[in-house]
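Asker: This is what each chain is made of:
There are 2 protein chains.
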Amino acid sequence: MIRKVIRLQKEEGIIPEGSSLLIAFSGGVDSVVLVDVILELKDFFRLKRIALAHFNHMIRDEAFRDEWFCKRFAKERGLEIFTGREDVRSRAREEKRNLEETARDLRYAFLRRTKEEQNFDLIATAHHLSDLVETTLIWMVRGAGIEGLLGFDPKEGDVVRPLYRVSKEEITEYAKAKGLRWVEDKTNYDLRFFRNRIRHRVVPVLKEVNRNLEETFFRMRRILKDEDEILRSMAERVLVEARVEGGCLTAEVVRKAPVAIQRRVIREWSGVRNLSKIDQIRCLLFRGGEVILGNGLKAVRKGPLLCLKKFS
Amino acid sequence: MIRKVIRLQKEEGIIPEGSSLLIAFSGGVDSVVLVDVILELKDFFRLKRIALAHFNHMIRDEAFRDEWFCKRFAKERGLEIFTGREDVRSRAREEKRNLEETARDLRYAFLRRTKEEQNFDLIATAHHLSDLVETTLIWMVRGAGIEGLLGFDPKEGDVVRPLYRVSKEEITEYAKAKGLRWVEDKTNYDLRFFRNRIRHRVVPVLKEVNRNLEETFFRMRRILKDEDEILRSMAERVLVEARVEGGCLTAEVVRKAPVAIQRRVIREWSGVRNLSKIDQIRCLLFRGGEVILGNGLKAVRKGPLLCLKKFS
Numbered sequence: 002m003i004r005k006v007i008r009l010q011k012e013e014g015i016i017p018e019g020s021s022l023l024i025a026f027s028g029g030v031d032s033v034v035l036v037d038v039i040l041e042l043k044d045f046f047r048l049k050r051i052a053l054a055h056f057n058h059m060i061r062d063e064a065f066r067d068e069w070f071c072k073r074f075a076k077e078r079g080l081e082i083f084t085g086r087e088d089v090r091s092r093a094r095e096e097k098r099n100l101e102e103t104a105r106d107l108r109y110a111f112l113r114r115t116k117e118e119q120n121f122d123l124i125a126t127a128h129h130l131s132d133l134v135e136t137t138l139i140w141m142v143r144g145a146g147i148e149g150l151l152g153f154d155p156k157e158g159d160v161v162r163p164l165y166r167v168s169k170e171e172i173t174e175y176a177k178a179k180g181l182r183w184v185e186d187k188t189n190y191d192l193r194f195f196r197n198r199i200r201h202r203v204v205p206v207l208k209e210v211n212r213n214l215e216e217t218f219f220r221m222r223r224i225l226k227d228e229d230e231i232l233r234s235m236a237e238r239v240l241v242e243a244r245v246e247g248g249c250l251t252a253e254v255v256r257k258a259p260v261a262i263q264r265r266v267i268r269e270w271s272g273v274r275n276l277s278k279i280d281q282i283r284c285l286l287f288r289g290g291e292v293i294l295g296n297g298l299k300a301v302r303k304g305p306l307l308c309l310k311k312f313s
Numbered sequence: 002m003i004r005k006v007i008r009l010q011k012e013e014g015i016i017p018e019g020s021s022l023l024i025a026f027s028g029g030v031d032s033v034v035l036v037d038v039i040l041e042l043k044d045f046f047r048l049k050r051i052a053l054a055h056f057n058h059m060i061r062d063e064a065f066r067d068e069w070f071c072k073r074f075a076k077e078r079g080l081e082i083f084t085g086r087e088d089v090r091s092r093a094r095e096e097k098r099n100l101e102e103t104a105r106d107l108r109y110a111f112l113r114r115t116k117e118e119q120n121f122d123l124i125a126t127a128h129h130l131s132d133l134v135e136t137t138l139i140w141m142v143r144g145a146g147i148e149g150l151l152g153f154d155p156k157e158g159d160v161v162r163p164l165y166r167v168s169k170e171e172i173t174e175y176a177k178a179k180g181l182r183w184v185e186d187k188t189n190y191d192l193r194f195f196r197n198r199i200r201h202r203v204v205p206v207l208k209e210v211n212r213n214l215e216e217t218f219f220r221m222r223r224i225l226k227d228e229d230e231i232l233r234s235m236a237e238r239v240l241v242e243a244r245v246e247g248g249c250l251t252a253e254v255v256r257k258a259p260v261a262i263q264r265r266v267i268r269e270w271s272g273v274r275n276l277s278k279i280d281q282i283r284c285l286l287f288r289g290g291e292v293i294l295g296n297g298l299k300a301v302r303k304g305p306l307l308c309l310k311k312f313s
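Those protein sequences? They're chains A and B, same order as listed.
Heads up: the first sequence is residues 2 to 313, going by this note's numbering.
Heads up: the second sequence is residues 2 to 313, going by this note's numbering.
Just chain A, with the same shape it has in the complex (with noise of 0.2 angstroms):
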């Protein structure tokens, strides 16, 4: 398993000499075992400072056990820890929001402001291999184009996952194998809720015929995402060439793209991510109209051009 982690850090540079790494801590066994690698190959990393950082989401009632928890463990590793709380299941609910997604921005935003006032570089996350192929199930099942299908990168920004290229097997086995302790997390809501079924319902029955699911997942993807770059480029290039003032585009620059491109320019322009709708006002290349984009704006033919407007 540790080969992996250097080996994803030789291929991909993941985190550069000398860097401060505030690593997102659940106490779970995977963000145990990010911990614990990241220690063994300290030298190997040539870190300059490691700090863990544990959100308190105060959902279960475990919640408060699990901040102990990260406490000691910090505390027996000699490693400085930040802790954050927040009643989220009270912030959903106010916000009339989906519990998941605001547990995760609620975390994400502690661990941002964290890692600003205490001048880290970098945060790093325990995200593995298993959790990409989940990652990636789960954006295909909901109707995702190509980027769904890439899931996530070993790197995003200022979060870096040095057990990208590990699956859950090989953490859990390093876990027991170094005799490591770490919290059970049952929680079991929303889109966890689905996350699970995918890990314990969909993906062992894929295993049954490709024990290196994982792998395989991987390549995958790599293919993807490098196809995914020539597209992308393709559609920049159209956008650049097709924006006018004021935001509005060009259509008769956007028509003469093929179509796949076309739909790309629409959704890096408009923002919107629904298939049919960015069909919809793809239809507006052609002729006419307007289409309602939700949020308050809609895409509106004028003459020459493809606009967005505020409605009311």
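Because the hints were derived from the structure by calculation, they are not lab data.
Heads up, some of the hints might be wrong.
It does not matter which identical chain is used: a pair holds within one copy or between any two.
Claimed, not checked - Using 30 angstroms as the maximum straight-line C-alpha spacing, the simulated DSBU-like pairs for lysine-lysine come out as follows: (1) K5 x K208; (2) K310 x K169; (3) K43 x K311; (4) K49 x K299; (5) K49 x K72; (6) K169 x K97; (7) K156 x K257; (8) K310 x K177; (9) K156 x K226; (10) K208 x K169; (11) K11 x K278; (12) K5 x K177; (13) K11 x K257; (14) K257 x K303.
Go by the hints and put chain B onto chain A.
Answerer: The following block gives chain B in isolation, referenced to the frame of chain A:
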């Protein structure tokens, strides 16, 4: 359901007016519904001639009962039927091949032979949207690039699939509503075994989250298909430019293309579909050496050229 068949024909025109159609007929619910729908839409499709073709794989005890059912069905409907038989299991054993693939190859050979001998224009099969979902998942699990994720087309060469946009549920509902009779295919072997697991254990879980799973896959596929076409034609252009006499490629021309296009050029040129093999061959663009491809061929870097050679 009929509406979806009409819509596919209107949008994609898979069956030209005045065609003669040989319908692959197993006697299962899919193919019974296919025949029924085509007879209902006889005027709409303006078909010159319709006949059935049944291939008896002789794998199961019920195979002869099925053949008898098919003949009687044809008689009741006043349709011509052509039948073929082959002991698929023995053939697979003799040729040391996978049973499912052997069955498929022999079935298609029979269909093509009948089509040619009897002067039909097209073969119609009962593949539907739920098959497409299963096929996509199977390819995804087995490891495929974008083209695995594309599954199959509504029209491929001389094969057309009028039920392409229809889900299995809609087919079964239609069959029950019209009081149709059919035979059950209980085969459960090899690849079919995996397909059945996908069908009965994976798809239902995915549908708990997205009841419109089939439609979602259909939309995703349309996008991927359009994007695939762009990449395919880019690769084709590079291939044409790079190819020299004797079938070798000018390494430098391929090298200048983006990585994703390099991969596609090499796959197209070498016929190799295994991803890590393709990346091995790709390395020959940058340095000397050779890669064994199996089937008695190897890829060799010779000066400025990349060539395929036989080896013994």
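Asker: Now tell me, hint by hint, if it's right for this structure.
Answerer: Structure-based check of all given hints:
1. K5 x K208: within (21 angstroms within a copy, 35 angstroms between copies)
2. K310 x K169: So K310 and K169 fail the 30 angstroms test inside a copy (47 angstroms) and across (42 angstroms) alike.
3. K43 x K311: Close neither inside one copy (52 angstroms) nor across copies (50 angstroms); limit 30 angstroms.
4. K49 x K299: So K49 and K299 fail the 30 angstroms test inside a copy (49 angstroms) and across (49 angstroms) alike.
5. K49 x K72: within (21 angstroms within a copy, 79 angstroms between copies)
6. K169 x K97: Neither: 33 angstroms inside a copy, 37 angstroms across copies.
7. K156 x K257: Answer is between: at 26 angstroms across copies they meet the 30 angstroms cutoff, but 35 angstroms inside does not.
8. K310 x K177: Close neither inside one copy (57 angstroms) nor across copies (50 angstroms); limit 30 angstroms.
9. K156 x K226: Both: 13 angstroms inside a copy, 28 angstroms across copies.
10. K208 x K169: This pair counts as both: shortest intra-copy Cα distance 13 angstroms, inter-copy 25 angstroms.
11. K11 x K278: For K11 and K278, the Cα distance is within 30 angstroms only across copies (22 angstroms; inside one copy 42 angstroms).
12. K5 x K177: Within. Shortest intra-copy distance 18 angstroms satisfies the 30 angstroms Cα cut-off; inter-copy 54 angstroms does not.
13. K11 x K257: between (42 angstroms within a copy, 25 angstroms between copies)
14. K257 x K303: Within one copy only: 18 angstroms inside, 41 angstroms across.
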